[in-house]
Amino acid sequence: MSFEFLSTGPGAVARSPMEREALAAGARLEQRDGWNVAVSFDGEEAERERLRGSVGFADSSYLGKIELQGEIGEQLELGRARLVDGAWWCPYTHERAIVLCEPGRTAALVERLEEEARAAGRLTSVIEMTSVLGALTIAGPLAREVFARFTALDLRPNVTPVHGFRPGSVARGPGAVLRQDEERYLMLFGAALGRYMWTVVADACASLGGAPVGVDALEGATVHA
Amino acid sequence: MSRLPERDGERIDRGRSLTFTFDGREVGAYEGDTIGSALFAAGQRTFSRSFKYHRRRGLMCCAGQCPNCLVQVDDAPGVRACTEPVREGMQVMHMNAQPSLELDVMNATDRFGGPFTPPGFYYKTFIRPRRLWPLYEKVLRHAAGLGRLRKSQPEREWQTEYRRRHADVLVVGGGAAGLSAATAAAELGADVVLADEGPEPGGRLLAEGGRDYARELAGRARAAGVELLQNAPALGTFDGLVPVWQGDTLHQVRAAQLVVASGAIEQPLLFPGNDLPGVMLSGGALRLVELYAVKPGTRAVVAAVCDRGLNAALALREAGVEIACVADLRPHGGSRGDAAKLLQRRNIPLMRGSTVLEARGRGQLDGVILGPPGSDDGAGERTLGCDLLVVSGGSAPATSLLSQAGARTGYDERRGHFALTHVPSGVLAAGEVAGVGELAAAEGSGALAGADAAHALGFGDEASRAAAERERAKPAGPNGWAAAGNAVPPPVTSERRGKCFACLCEDVTSKDIHLSVKEGYDSIELSKRYTTATMGPCQGRMCQLPAVRLMAEETGTSLADVGTTTARPPWHAVPMGALAGRPFEPAKRSSIHGRHRELGANVLWAGDWRRAYDYGDPRGEALAVHEAAGLIDVSTLGKLIVRGPDAGEFLDRLYPNRFSNLKPGRIRYGVIASDAGRITDDGTICRLDDDAFYVTTTSSGAGAIYEWFTWWLADWGLDVHITDVTQGLSAVNLAGPRAREIVQGLTELDCSADAFTYLDGKRAAVAGVPCLILRIGFVGEVGYEIHYAAAHGEDLWDALLRAGAPHGIRPFGLEPQRLLRLQKMHILVGQDTDSESNPFGAAMPWIVKLDKEQAFIGKWALERFAEDPPETALVGFRVANGHVPTEGAVVMPLDGSPMGQVTSARHSPQLGGVIGMAWVPAALAKDGERVTISDEGKRLEAEVVTRPFYDPDGEVLRS
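Protein chains in written order, with the numbering used here: chain A, 26 to 250; chain V, 442 to 1400.
The shape of chain V in the complex, shown without the other chains (with noise of 0.2 Å):
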């Protein structure tokens, strides 16, 4: 048991005890710790296998920065146990290792497999023989990943949310600069979020000593009115927005300035063995003994290349551990700071101008050498039996958020990592990713930048912004952690044998960054794709640093030019539920929906409607409208109301056909022509009075036309005003021989076939419901379509029915619709019709008004095509055997090659065969010219129609 006495600023409660299972087998906790320190507590070294070799791996930042601690809870894969709180009765897995932690039988891989499986392994070593590949392929699939999804789908969903929050300053890190960042800016008056990745803020403060300072911070930036987001790390930025993940919710952050304060991530060495259960970095040494009184280990050696190491030394000391030595590479050993001293006071043997070697042990650390860097001869080398070895090599600025949101880099040479060079305006940096590390200076750079991020957006006075400007004047004074100097570790402390990672989530050695130069991956953009380092869940954080390193050295360029890879979110891992948000899609529906899911219907979509295809019969449905009457829900046409002085002019520039000279009460069918002639739209036109227009438009295109009228309307600036009105009318289509006695039992308008002719559009009552009925058809029979406000959808829908159940009415859907408007030849534009489909070749050449005095759109490309026969035509086509062909088949000359295609086919039950219609070669477009359909593998002879299937003359239509 590794349990510390109390100790000070301890994050555990040792009153409220805990038990959770790992692997099955129960383990006790404290409330506030996490499985990481738990399982530690209780002894466990192993939590995880690495990758590809299968190596054990234990605790080593206790800060979910590195992969080592990836683990199972409760089915959900890929969890830190070094940062996930413990939950009663929580049940907690091991990943990547079968069958158990302590023996893995793919560690195999790590003895032997080495030599086949180097970086791309999949590309060398598992090509040959080819026909082998799809059992290779299942193979490494097999052994790749980690974690198990769980089985279901019910049991995969939870709840997530979306949170919208706009701010005036975003502030990404809760450590002392960036606690101190939020609260200049919230005094000066700002609206400040805070949004810090730990379990509570302070940052490094909570485990060096300063927890009740960081309290301190935090109640200061509460007082002053931030909102403070704790478990809530930034995912990225997006061009002013942010996504910040907290819990099951996803806040989207958008903010007027950013200050990012999201410190600097500790380094770790690479040696042979620096992968070893028992090599950690300082941070994480100290946070289990200071936030979870957890003893590290008993006999520790510290690697440091700055005052960090030398007080996490002191401090482990001072918890109890024996410091066995500690090996400083500076040559001087930071002697002019107090950690040297007082290493020295406390007889602590330290190693000047030395770093470690090599760790040593099977499956544990139990030793490491010591000496001078790159030594291999033992020249004053230590060799030094240890349980526990704490390296603390440097640190890098976490600059990937600021990198994301446009900021520049470049090598510090003194420092030995990439720092901030610039940062794109609205957004600020401070503490230690702006290369402030001393703790009095990174609270006055917080402060700063609050500030300068609260008078950009005019908050504060003169004041405040002279005292900004004497802050600014200070120079950085050497207080706090960091003594002035560190030493820049060389990319490998050693040669010696034993695998050196650079990469710990990826298992990538120093070697196949090496072998991957050497095979011509010569730069680190090519050597990340290639090694796949830097591209695990530390996403650079461990090893972006040593891989630059490495390739430096094997390219022989300096850091600076070799450069770092393109930072790119998300910077923290995230679940694909917390990016999915709600499952709700937007969906339209008419106001009659309700009684079609009554009715049976079965409901589609139909673009970005909800529609009812059919009522479970529709060839029943076709027939009626036949032989009684049919009433379908054409609600989702889009229609316009184009009214003013100039809207028939307008109108007349829109289409190629006339609209100005349309008589109010009357209806022309239009077709809306592109600037190349092509047919983008269609409908009907009804002229309401001298200044107002009422125009359909098809489902899917009711927006697009909406734009494109007003488009043309905001160049022409015509004496025009459009209002979409589609979702505020129902409208339904009432249809077949029974119609007429049917609508005129609701109505007092006279519906005789001479006052109300075909084309005719009238205003009247229709069971009390204020109507448009516009006397027209598709789908071939008599037709009334009907247009009322949509707040009466189902009262005027259920009179109908009513009014004509003892006629035989029946409902149809859009399925029946099709087959009939088939059997009439009217087109679908976008299904009979593409993006090359002109009126001329889609059969309808007097559609187009050329001599039309009015310029229109399309009319130099339609003169060109009424001038040059198409090749091509939309013709209709029967087909004798009874296959009704895909549509799509592709058409072609009885002994010729592919020349057009199937767009429409179906059985129709009315004429007892199978229709259809078809672009075929424009000198076979007439009758009784026969064509081949091509349809998946079966041939097919048709025969081409060019004029509708039923009522050719339109006789029953205009009845």
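Pulled out of the complex, with its shape left as it was, chain A reads as follows (with noise of 0.2 Å):
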């Protein structure tokens, strides 16, 4: 394997872009899957009703991503993710595509990319992106609305229907946009943007009544298929 190099290892705590704003906001930090996460912030309820009447926001940045290029394999329609066994595929091109997924399987899911195209002898470059994007969460009724304060994507959903994937300028940067659910948004971008991506997506938020929010209270808003 060359790229060992790319993935974070058990030598150290694996870091959020924006874990040192998420500090300044209050969180609570746990160590889940190798990574430092933020659960909490101002208590589960507080999160939980926020989430349910204005909008909150999460780091995601911790999610597994492999970026896979050439012959994908899987089936993808432009525009649209797929939810497969509790990864996210979502296409830019016919060609190119990320894999979302949970932290403690990227590195099996990677192995198991890898050894499928060998095996169906395609042409797929199979890269782990984990640490080259930061993802937040944003959810609630609210979202579409703090989107629009910093991104001209259109998200309403005849265009962008749940599962909707779309790349695009986020905040005068590249990035993307994954609609998981009908309140719930995934966005990712350079995480070396992290925390000017935090400070807009905290303004506007805070614009309208939104605060951050730990990943447990995320937890308990499920995503459907």
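No lab work stands behind these hints, which were simulated from the structure alone. Bear in mind the structure is a predicted one, so any value in this text is a computation, not a measurement. Ideal Cβ positions, reconstructed from N, Cα and C, are used throughout, including at glycine. Each hint should be verified, as a subset may be incorrect.
From chain A, some residues computed to sit far from chain V (all C-beta separations above 10 Å) [claimed, not checked]: (1) L54; (2) Q56; (3) D67; (4) G68.
Quick look at which bits of chain A chain V covers, simulated, 3 or more residues with Cβ under 8 Å [stated by the list, open to error]: (5) 148-159; (6) 222-229.
Chain V side only, calculated, beta carbon under 8 Å to chain A, not exhaustive [unchecked claim]: (7) P1027; (8) A1028; (9) D1156; (10) L1159; (11) T1164; (12) G1209; (13) V1210; (14) A1230.
Please dock the two separately framed chains into a single complex, following the hints provided.
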């Protein structure tokens, strides 16, 4: 394997590019699958209420991200992601896609995808991108209004239905938005822009009465396949 | 006090009183009042002083279209009093008058300054003597402009929001036509936004007897799901994007279909004294009465060209205003219409074929002369005392937004204005802007436009389409406000003495327009720029049509031939802050950035990254690298994974040197050349295995090189994949005589000189973190560039500093790095090279492998450069006298003219002197040659050096 250096290892905890911002906002961190994860801010109850009534945003950078290039194998429709065995398959183009999964499954999934490609004689590049991309989940009835503050992507339901995947410009930089559920969106962007993105999203949410939430509050909101 | 008894449909709430101050004086108001209506009710008649002549100006349109009531509110200048709602405690001040609104010393310009202030006077009157121009400029600048900004930056800041809104249909204008259009489109299933500049939807309905109906129409629109934006003027049209400004929010609306129902703007008449306080448009007078229950005058004269003016006379009479006379320019005085008959029944005198010839008064209207237009011999004239002159000079469709979207207009002789002749696909017009003035017809045209917009997007069905066709086939009916027929007023109604203003905003008179034509500015665009007519706050709403009429008269051409000026945004005045949006700038930061701040780094911009320039002691940091060890964050380097069976061939085609023969685990330096053989970027390439390479680029070149690679890959179709992992990997350079010991203490990898040689690349764990370690050097000492997942950024940095602490390690920043690489004469692309630099001139002929089998980019150019020696060459230099020349300083032979420039220069504490790099004449690119550097008036002698200043043979680097 050529690319172990792209992956996190057991020697040190893995940190989100927005960890400092989360701590400054009052996050409580826990180690999960080798990552420091912001699990709560001002209490699960208040955070769930925020997700029900206005909008909350959570750092999801710990999610595993695997880029596929070439003959991808899965039948993917441009503009739509597929949820397969708990992993999101998100097509950028017919020959490039990103697979999002729980952090504990990333290494195994990389191996599996490489093996499947080899076995099928497919010319597919499989590269782990977990650290390359930051991720924020924005959820709640005002989630689309939050996005309206910093992206011109058309996220109306008739244009971006549930499971819709829209690469494009987000806060003046390249990114992508995955609509995971009715009122839940996952936004991807370059990790080096983490602090900037946190600031932009926090500002947009604040103007609408929203605030950060921990991943535990998010997990209460089911994502429908 | 001019307040009327309670009226049906009034906007004010008499149960809620407010107070505010105007020029320090307390004024009472009701909730719902505007500043203008409250002040007028309290007896205020002068609201501002005009731009150049400082003449008194009073309320005229009461719709935010003219410049007459601009005031300063709580230190924010340029607020229109006639539309700004009163808030408790607001402090309102006049603008553009000193020392007070009542006594303005600059009014002397009006009385005496006319001959000195013709159009373009700043190019004529105040250019001699030339030496006094700085003084003239200062005085003119001080006198110009309206309002004053707050002094300090914190006081000027305010929160703005951007909101992007996609829609199927955007309707601009909330009158009858606009509401109908929005409702029709929404009922067919479209997602509709309606933007209206008024505080409540309804347009003219609100002040002309239709308020309840306006509410009904608005209710239907909301019930259909239309998003209604009030106090939300559209600013322009930009290829499908319409910005709409609402309070502190700029909505960027992108709609597939645009329906413009922006109505028509009532026009003034031009006559001497037409700017006196007391002269109002009929719509303005009616708005005061109907919306705010304010009596606009006691005794009024009405001058009209259509039934709108006549209807206004009737309404004002009903409100208790005495109507002394109505002058109707139409020879038959609209005798076929109901309005004329009603005037007759109410014994209101009606003069047919007449208009206002002059308005009189000292600072306030006190009388008018009516008569046939152009009359100056008294025949058929009447002089009347009055305190209110209501003017209705026809209307001009508000086509600016449509014109910006590509619509065309042409002059309509019958109506006397410019009407739409063509609208582009995706854009529709409805209501008065489309020439449909009658109420029922306006609603119908709106409904049809809305249906057409929805149908164009695939909404609706056969039945709705058939219904639309039936509507389209209906003839327009005469019911509603305007009876058929209007008179077209002359450019000016009389040639009597007295200023006759064509442009109220810029104080441009009818004579100014005539003069501009005489001076040769004989097109409407030239005249506009010369006189500044239409360039003020009203943006031509009041003055475009009068200016065109005057120009046609002066040039003897038709209005159709004169045409109009180009419509440009913004259509509505908007603060710069609303356009600026939130103050966030995308900044990339490495995952170690927080540590740099904690260590006291001076952080500056390097491209779009925030980087540590130094940690407070750049000289000491550089020395630490020579004496012990230094650690620098180089995470900003571009990093690409290039993999596939054709990866080696791909790189051979891109670079002038070879990479297909690079062994796995080895590194080679590469320079990217353009098609023309010029250096565009550089970096290192490490072969990971047979099919995979790890390519680094400069920090600022990462994006461009990724694009370059992918573009050529698309062209060549090789079996290669490229992945940009720049932001996913941290990279640190550990360098110095103790570097080997430090890294060895953290890894099981054998880092001895024999096992891990210069230009090796190895994968191993360092402090438990999987890494790619590149044994390379940029700073002249033994160095390891360690690349690893950014998620471990701070942890590995900390581990290296801890391990290096006993050895005297120090973090070092960009500034010491620049000095260290300069000692080695390593180039910085973009600093030591420019768009003309090629590898031969840059002393890198060894990197160009012209004997390579594979054709490569730039080969043809590099073959020519190889044959023709360059005129200049990049060399090092020393300066003996200790002066560090400025980067960019000119280099010349000792006795010659400029032939090069300094690209880098620093004082080196390690070497004890000033060193640098420069482009010099090729003939002088030899050790020991002497050149002159000319630097800000100083001349320095420098000695050329062609080999690295420090460790010229690279023994230390390779040790």
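Hint check:
The Cβ of A/L54 lies farther than 10 Å from every Cβ of chain V, with a closest approach of about 14 Å, so its non-interface assignment holds. The beta carbon of A/Q56 is kept farther than 10 Å from every beta carbon of chain V, the shortest such distance being approximately 13 Å. Here A/D67 stays apart from chain V, with its beta-carbon at least about 23 Å from theirs, past the 10 Å limit. For A/G68, the non-interface assignment is confirmed: its Cβ lies about 27 Å from the closest Cβ of chain V, beyond the 10 Å cut-off.
Using a Cβ-Cβ cut-off of 8 Å, 8 residues of the region 148-159 of chain A lie near chain V, which meets the minimum of three, so the contact claim holds. Coverage of the region 222-229 of chain A by chain V holds [criterion: at least 3 residues with CB-CB distance below 8 Å; count 3]. Taken as an interface hint, V/P1027 checks out: its beta carbon lies about 5 Å from the nearest beta carbon of chain A, inside 8 Å. This hint holds: V/A1028 has a C-beta 5 Å from the nearest C-beta of chain A, less than the 8 Å allowed.
Against a cut-off of 8 Å between C-beta atoms, the interface hint on V/D1156 is violated, since the closest Cβ of chain A lies about 16 Å away. The restraint placing V/L1159 at the interface with chain A is violated, with a minimum CB-CB distance near 11 Å, outside the 8 Å limit. About 5 Å separates the beta-carbon of V/T1164 from the nearest beta-carbon of chain A, less than 8 Å, and the hint is met. The closest approach between the C-beta of V/G1209 and any C-beta of chain A is roughly 1 Å, which is under the 8 Å cut-off, so the hint is satisfied.
Taken as an interface hint, V/V1210 checks out: its beta carbon lies about 5 Å from the nearest beta carbon of chain A, inside 8 Å. Interface hint status for V/A1230: upheld, as the beta-carbon distance to the closest one in chain A is roughly 4 Å, under 8 Å.
Violated hints, listed in ascending order, are 9 and 10; each of the other numbered hints is respected by the structure.
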